[in-house]
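Work out the full structure: start from the sequences and follow the hints.
Residue numbers for the sequence shown, in this note's numbering: 99 to 817.
There could be a bad hint or two in this list.
Calculated lysine-lysine pairs in the DSSO-like style (CA-CA distance at most 30 angstroms, straight line) [unchecked claim]:
#, residue 1, residue 2
1, LYS444, LYS489
2, LYS314, LYS124
3, LYS639, LYS597
4, LYS260, LYS125
Pair by pair, the computed Cβ-Cβ distance ranges are [said to hold, decoys possible]:
#, residue 1, residue 2, range
5, PRO119, TYR543, 30 to 36 angstroms
6, THR315, THR129, 41 to 47 angstroms
7, LEU723, VAL120, 23 to 29 angstroms
8, ASN578, TYR613, 33 to 39 angstroms
9, GLY547, PHE433, 29 to 35 angstroms
10, ASN579, LYS783, 35 to 41 angstroms
11, ALA480, ASN578, 42 to 48 angstroms
12, ASP428, PHE817, 31 to 37 angstroms
13, LYS491, ASP300, 57 to 63 angstroms
14, PHE522, GLY550, 23 to 29 angstroms
15, GLU740, VAL713, 24 to 30 angstroms
For the record, the hints were derived by calculation from the structure and aren't laboratory data. Cβ coordinates follow ideal geometry from the N, Cα and C atoms, glycine included.
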Amino acid sequence: MKRISVILLFWISCNVCSQNPVIPFKKEGITVDGILNESVWSEVPVHTNFYNLLPSDEGMAENQTEVKIFHDGNFIYIGAVYYDTTEKQQVSSLKRDVSIGLSDAFVLVLDTQHQQQSGNLFAVNTYGTQVDALVERGESGFGLNFSWNAVWKANTSVEGTKKLYEIAIPFKALNFDNKEAKFGVQFYVRDIKNNSWTIFTDISRNYPTFDLRFTKTFEVENIPKKGISRFAVSPAVVANYQKDVVNDTTETALNASLDVQYNVSSSLKLDATILPDFSQIDVDQQVTNLSRFSVFFPERRNFFLENADLFANLGPRDVNPFYSRRIGADSDIQFGIKLSGNIAPKTRIGVLNAQTEKNTAMQAQNFLVLVAEQQLLQQFTATGFVVNKQKTKSLNFLNDYNRVVGGNLNFRSKNNKWIGTSNFGMSFTDGISEKNKFYNIGVDYNDRGVRGSFSFKRVEGNYLTEVGFTPRLYTFDALNNVLIREGYLQTTGAIEYTKFYDTSKVLNNVRYLNYRNTTYFDISGVQNQMSHFLNSAVFFKNLSAVYYVLNFDTIDLQYGFDVLGNGNALLPQQYQNWNVKVGYNSANNQQVRYRFNLQKGRFYNGEKITGGAYVNYQLLPFANLELSYDINAINLKELGKETFHLARFTGEVFLNNRLNWTTYVQYNNQQNNFNINSRLQWEYKPLSYVYLVVTDNFNKDFNRKDWGIALKMNYRFDF
Numbered sequence: 099m100k101r102i103s104v105i106l107l108f109w110i111s112c113n114v115c116s117q118n119p120v121i122p123f124k125k126e127g128i129t130v131d132g133i134l135n136e137s138v139w140s141e142v143p144v145h146t147n148f149y150n151l152l153p154s155d156e157g158m159a160e161n162q163t164e165v166k167i168f169h170d171g172n173f174i175y176i177g178a179v180y181y182d183t184t185e186k187q188q189v190s191s192l193k194r195d196v197s198i199g200l201s202d203a204f205v206l207v208l209d210t211q212h213q214q215q216s217g218n219l220f221a222v223n224t225y226g227t228q229v230d231a232l233v234e235r236g237e238s239g240f241g242l243n244f245s246w247n248a249v250w251k252a253n254t255s256v257e258g259t260k261k262l263y264e265i266a267i268p269f270k271a272l273n274f275d276n277k278e279a280k281f282g283v284q285f286y287v288r289d290i291k292n293n294s295w296t297i298f299t300d301i302s303r304n305y306p307t308f309d310l311r312f313t314k315t316f317e318v319e320n321i322p323k324k325g326i327s328r329f330a331v332s333p334a335v336v337a338n339y340q341k342d343v344v345n346d347t348t349e350t351a352l353n354a355s356l357d358v359q360y361n362v363s364s365s366l367k368l369d370a371t372i373l374p375d376f377s378q379i380d381v382d383q384q385v386t387n388l389s390r391f392s393v394f395f396p397e398r399r400n401f402f403l404e405n406a407d408l409f410a411n412l413g414p415r416d417v418n419p420f421y422s423r424r425i426g427a428d429s430d431i432q433f434g435i436k437l438s439g440n441i442a443p444k445t446r447i448g449v450l451n452a453q454t455e456k457n458t459a460m461q462a463q464n465f466l467v468l469v470a471e472q473q474l475l476q477q478f479t480a481t482g483f484v485v486n487k488q489k490t491k492s493l494n495f496l497n498d499y500n501r502v503v504g505g506n507l508n509f510r511s512k513n514n515k516w517i518g519t520s521n522f523g524m525s526f527t528d529g530i531s532e533k534n535k536f537y538n539i540g541v542d543y544n545d546r547g548v549r550g551s552f553s554f555k556r557v558e559g560n561y562l563t564e565v566g567f568t569p570r571l572y573t574f575d576a577l578n579n580v581l582i583r584e585g586y587l588q589t590t591g592a593i594e595y596t597k598f599y600d601t602s603k604v605l606n607n608v609r610y611l612n613y614r615n616t617t618y619f620d621i622s623g624v625q626n627q628m629s630h631f632l633n634s635a636v637f638f639k640n641l642s643a644v645y646y647v648l649n650f651d652t653i654d655l656q657y658g659f660d661v662l663g664n665g666n667a668l669l670p671q672q673y674q675n676w677n678v679k680v681g682y683n684s685a686n687n688q689q690v691r692y693r694f695n696l697q698k699g700r701f702y703n704g705e706k707i708t709g710g711a712y713v714n715y716q717l718l719p720f721a722n723l724e725l726s727y728d729i730n731a732i733n734l735k736e737l738g739k740e741t742f743h744l745a746r747f748t749g750e751v752f753l754n755n756r757l758n759w760t761t762y763v764q765y766n767n768q769q770n771n772f773n774i775n776s777r778l779q780w781e782y783k784p785l786s787y788v789y790l791v792v793t794d795n796f797n798k799d800f801n802r803k804d805w806g807i808a809l810k811m812n813y814r815f816d817f
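Here it is, written out as structure tokens:
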């Protein structure tokens, strides 16, 4: 009898332990004031026992957090209490959607499709500033896109040393499968004062912080069968004045635009935009480009962001058949429409169509993207796609097009240590039908302290992706003033070894080895470039770091390269470049943060000396000031010498959580540009804004080229 009782007790214990936690359904709503004084908070389970993540991932967190979560059919409510050891609060910004990593904050991640493919991040710092983002699956991990926005509520309070967070997220802001009733959930607490991250489920710090594979499964009790609101409509009006000083012309315009989102189902959304204006986006951070190829800039426009990972991962980053910033780059967008999301628990689709206007330099174009993603097994996901760009006239399609079709297969091991990727693409362009394929295969390994990867690419010369990003396919011959298109082969291998010193009072970890080799061949297999990258770094207990980088490249230059932009091109021949870099990064939790580096090396037939510095002064919560400066001094002997300066100042003044003034000042003499962009931004209602933007552009000699002023107002209606 005693043996039977023990077995029965063991069976009951195992059964209880194996059950997923629950997001219970409660009829009672709450007032989101950060107080947590409603009776419902005493009726729902407590989730605690947070683990250390950074700077150490060993053991349970010393400062614990208690989280409670429930829903009422309209909102998911989260209440969190962080048991700090001080009353002090430290934040980096009061501006919405600024990275939360430099503030005391609570973070929630929801994988509402429970597929570990994409998710939503909601975070709030101790001053109540909201941050939301998409968690997107990338080529070899997960990243965040802060340009995505939703309407939700949050408030905070401080009771002695306790930091309290109260959040309400509407179901209508989420894509979820109402037949599955399971969410992947992760909680984080950031304490910038002691530079720590703590996390609800245990994860090794060598993985991406927001890796969806480590979310915990929560059962959603009485999940809503359909969204409460099916429409979100955002009309906007823009008044714009531009003065071209060089040509002595002015232009004044008054434009209206409309964005609409329709919830076809709880997991499938239809987005539409008419005459969109994207003037509210941040200006791109300028760079000094000393390579022969184009530079990638991320997408920031809201229309393209819903389920963006579906469209953005059709190939590796440097050979991607779809790059949404191509749409509207040369002419204005007339309209766009997008259907994206789940049509079945393991099936996602994406359909995007956009039409651009005709202008003096460009025929009207239609852009169509079709994507289907299927989870075959728990470890395998397959994707098929079609990307089409075609000229149009009136309502007719002309026989001038570029199409790309292909498929991807992705593998993720059960132990989360292995990631495999394979890609295939084929382009179809009017009059071109051969040597038009692309192949890629890659594998990544990630264990605590050891990482490794290998990939092989074959890009044929006629693999044309006019709506994609394939920079190495094109080389400009500066001697003959012609753009050359040639296929290539590429192999990349990397290995990294890091040792963690969890008991040391001085060291956090030492990256003893970080080596990467990238080799390029022409399409027949003849090597034309081999690049070596070697790096080591010492990270101290406060996460400040000192490091070195060694680069060594052997380049068989096939075409003339005017790296200085002075008309004197390097001649085709073999070159050996090398570069040594040393640098220091201060700890991130100081009022003054700074970084600097020095570099010296051989550069083609001459030499290059480079330096860089960054300083951030936080007068918070009222202001945040940043200044960065990079200098590249290049001496190519008889071909000339040049010094490229790149400086950027960012000044942010926070009047409150809804009203801020941001000014960017950028100087880039390589691009012959000195730019000032100053923007007053008022969020007078959630996701409803008034912007006043002033821009001024000068050449590198500080002679004015043009200036302008714009006033934009939008209002978001939820029906």
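Tell me, which hint numbers fail for this structure? Checked against the structure, the hints that fail are numbers 1, 6, 7, 9, 10, while the rest are satisfied.
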